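Novice: Single-letter residue listing:
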Amino acid sequence: MSRPRRTSRRAFALLVSAVILPLVLAACSTEPGNNHTFLNPAGPVADTVNNLWWLLFWIMLAIEVLVATLVITALVRFRRKPNDADPVQITGNTRLEIAWTVAPAAILVVLLVLTLSTMVSVSEPKETTMNITAAGKLWWWEFDYQGMNVTTGNEMHIPVGEAVHIDLASDNVLHAFWVPNLSGKRELIPGHNNTLWLKADTAGTYRGECAEFCGVEHANMNFIVVAESRPEFDAWIKRQQTPATPVTTGNVSAEQRALIDQGQQTITKQACAGCHVIAGLNQPYSVVQGKIGPNLTHVGSRAYIAAGTLENTPENLARWLRNPQEVKPGNKMPNLNLDETTIKQIVAYLESLK
Amino acid sequence: MVTATSPTPGITLVPKHSEAPQRSIGYHIKDYLTTVDHKKIGMMYLFVGVFFFVAGGIEALFVRLQLARPDGKILNPEQYNQMYTMHATTMVFLFAIPVLAGFANYFVPLMIGARDMAFPRMNALGIWLLICGGVMMNTSLFFGGLPNAGWFAYAPNTLPEYNPSHAMDFWAVSLTLLGISSIVGSINIIVTILKMRCPGMRFNTLPLFVWTAMVQSFLLVFALPSLTTAAVFLLMDRNFGTNFFKAGAGGDPLLWQHLFWAFGHPEVYILILPVFGMVSEILPVFSRKPIFGYIFIAWSSVAIGFLSFIVWAHHMFDTGLPSAALAFFASSTTLIAIPTAVKVFNWTATLWAGRIVVSTPLLFAVSFLLMFPIGGLSGVSLAVVPFDWQVTDTYYVVAHIHYVFFGGSTLGLFAALYYWFPKMTGRMLSEKLGMWNFWLIFLGMNLTFFPMHMLGLLGMPRRQWTYHEGLGWNLYNLISTVGAFMIAAGVAVFLVNAILSLVKGTRAGADPWDAWTLEWATTSPPAEYNFARTPVVRSRRPLWDLKHPDDQDWMHGGH
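Keeping their order, the protein sequence lines are chains A and B.
Be aware that the first sequence starts at 41, since it is given in my numbering, and climbs by one per residue.
Be aware that the second sequence starts at -17, since it is given in my numbering, and climbs by one per residue.
If you're looking for bench data, these hints aren't it; they were derived computationally from the structure.
One should not assume that every hint holds.
[To be verified] Calculated pairs, SDA-like style, for lysine to any residue (alpha carbon to alpha carbon, straight line, at most 20 Å): (1) B:K55 to A:N363; (2) B:K228 to A:N234; (3) A:K331 to B:G230; (4) B:K529 to A:N212; (5) B:K55 to A:G370; (6) A:K331 to A:I130; (7) B:K529 to A:K384; (8) A:K384 to A:A275; (9) B:K55 to A:A125; (10) A:K394 to A:P286; (11) A:K121 to B:R97; (12) B:K228 to A:M373; (13) A:K331 to A:T308; (14) B:K486 to B:I7; (15) A:K278 to A:E202; (16) A:K121 to B:V340; (17) A:K121 to B:S341; (18) B:K529 to A:A125; (19) A:K121 to B:E413; (20) A:K372 to B:E60; (21) A:K384 to A:M373.
[As the list claims (entries may be wrong)] Here are some, though not all, of the chain B residues that point toward chain A, as calculated from beta-carbon distances under 7 Å: (22) G223; (23) A319; (24) G336; (25) R337.
Predicted model, so just to flag it, every value in this text is computed and none were measured.
From the three backbone atoms N, C-alpha and C, an ideal C-beta is built for every residue, glycine too.
My request is simple: use the sequences and hints to build the entire structure.
Specialist: The structure is reproduced here in structure tokens:
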């Protein structure tokens, strides 16, 4: 009796590790924060793909369980016992061969039809309300609202319920634009005019990221898409269209106001404009150059700095200015060796650019 | 002519291990440096392959250590990019291809009853080019750093303005060398199989490993030129002012992707087809019955070979290809799953109603049969274009390729190592250590690679050197790192097992598994000339015929 029991125990262990273990792993995904996925869709494209995925999942699971069951059953049932004679020397069975050629073919035809029909159903609608150029930089995103005179960095706002057309552009290496909650990804290829469309059904902030390896800071090339109501969006656009205007009203102390003032002067003196545009600020360097780093005209209004690397707080901005290479090693902004006073002034000024 | 009274002339069962004369170490070194013997060259391929498997594995451990926790500080981004690039480049070009070439070199002549390969000197050229390529690839470390643009090396990130060090020049030149090595090796295998089969060894009686080695060799011969072309274009763009991949100067970065994947997708099948063949040799022997559906396994390999050349753009679904192209490549990719499914069912049927002998080669082969379909199925899901747009370039794809390359190729290669080690060395590998090896690797690989499916679905892009806290990726990454170290422990057990068994393993004898193909009719290890007399075969299982004179396969009208 001991022998068959050992057999089944070993087979059981195999079964556990092959099939059950991954499922247990899947089930224990209780970690908070992981809503940055098409499995929590916030737009029609992600929603369609989410449904498609669960169908795929059950088909894949069924086939794997079928194969695993057959294999493990064979291992348990047909294990050789001492003194067993050779089995019947079967070499094949044409009917079976036909069956297991036709059956997968049938499933695959269904999948193919689904693939093609879904491709049609998620294609861009004729009615889009605006065109945004998403340009991949090293290593951050520039969003240009075509015809609206708005350029932002790493933060895109869109109105809820409206389809938005995105032109994807790169003048350097390849990148890929991806907002998992809203849509699939598309590569940015120099010389190619790739496009994508986005639509959010629910208001919220959705994380986006670069999904094509683009060099040293590929990991820290993220952005957010803020989907908000049309009035909120219009207000945001209007604000973004204005030149840089430090917010010095409200409960801003006189001391703080002085800091902001000094910060503005420092920025015009420093080489910042070689890489960054601050619209409305009289800068000594040519603005043509100011495309290496993000447009800072309304940087104080953004949720993150350094392409999603840090939350936009005065402390984090100061940390960044102290040594950008410590925060995001390899990025294009060198350590400017600024002293603490200068950092404090620049932080005050930039954070006031709401 | 074959006569009925002498079913398998030329082969006799060799009863005992024959002692090789004791020689000095210097003799052996000189012998290996100058050899043109297919078995010694095969052993060298295997040794080089295992060496780079360990090297590529250590690179993978660095990658996993860096990603074990959010905001990891083990590597800086530049080091990380070098590690992940070299992990893939090493595993594909310096581990998988050489190890498969090693097995083919060693066993194709033996299995078809030949005394050597068709071109022994060209065979030596292949191994030495491989060694040169491997050395060259890694010496870039001393000239400005290892290659850092990914094994796929997408332009324009590889052009000097974005990649000023010489690493990519080293990469392109050594890939060219490795390509030539593989092409000469493959031509040799094709010619050997076409011209050197012993009497009676028809295509219908060819061992399935030989079948798949032949299909793989054709794939290499036709796929590698595309990679070599791309590598030469890259060298010219980098050094001689051409603009093949420069947008705005008449070139196109997308050209690189087409050239690379026109090689790269056949490459996936290059790395798995011979393993299909190995598993098709091992499962029957340990089930004690012939392979189920020989014809279907052989010809589905050919079908896969042809189809593998028309699926490459499924790596490029997110590059903005026109809809018609997307539809075509989705269809061809779906199609290629059919011959693969046929194989899986035939292997399962081979086990069914057998008398299964559970030992390490079988355990590895069965785990291949359980794990490879996971990679195959997720591959089908990636042919569903809108789904691919979500998960391409995420860890879902990393999970997919590792279930194919590790769950498929590597587990199958371990099965082959345990199966053929006795033939190559004359010693058995320890079963006890073999079990440790198996369970560590089997559990380790599932811990490492299964959570990657979830990471991909949860939006984690691949090839990023770090990730931040609060994205829900911490646990899966940690599990994956733990699994990677389990795999490493399993590989360490294998190395210990191999060394210990070489020294004091049980003597294997000529035919320890009571197997049926011709290599088991030679001594272990085989004599330099393989067979004293050229064997003559009448069926797919010449040794079965020899062991069962009254019940030979061909007597039933079979093969």
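Novice: Where does the structure disagree with the numbered hints, that is, which hint numbers, in rising order?
Specialist: 4, 6, 7, 8, 9, 11, 12, 22
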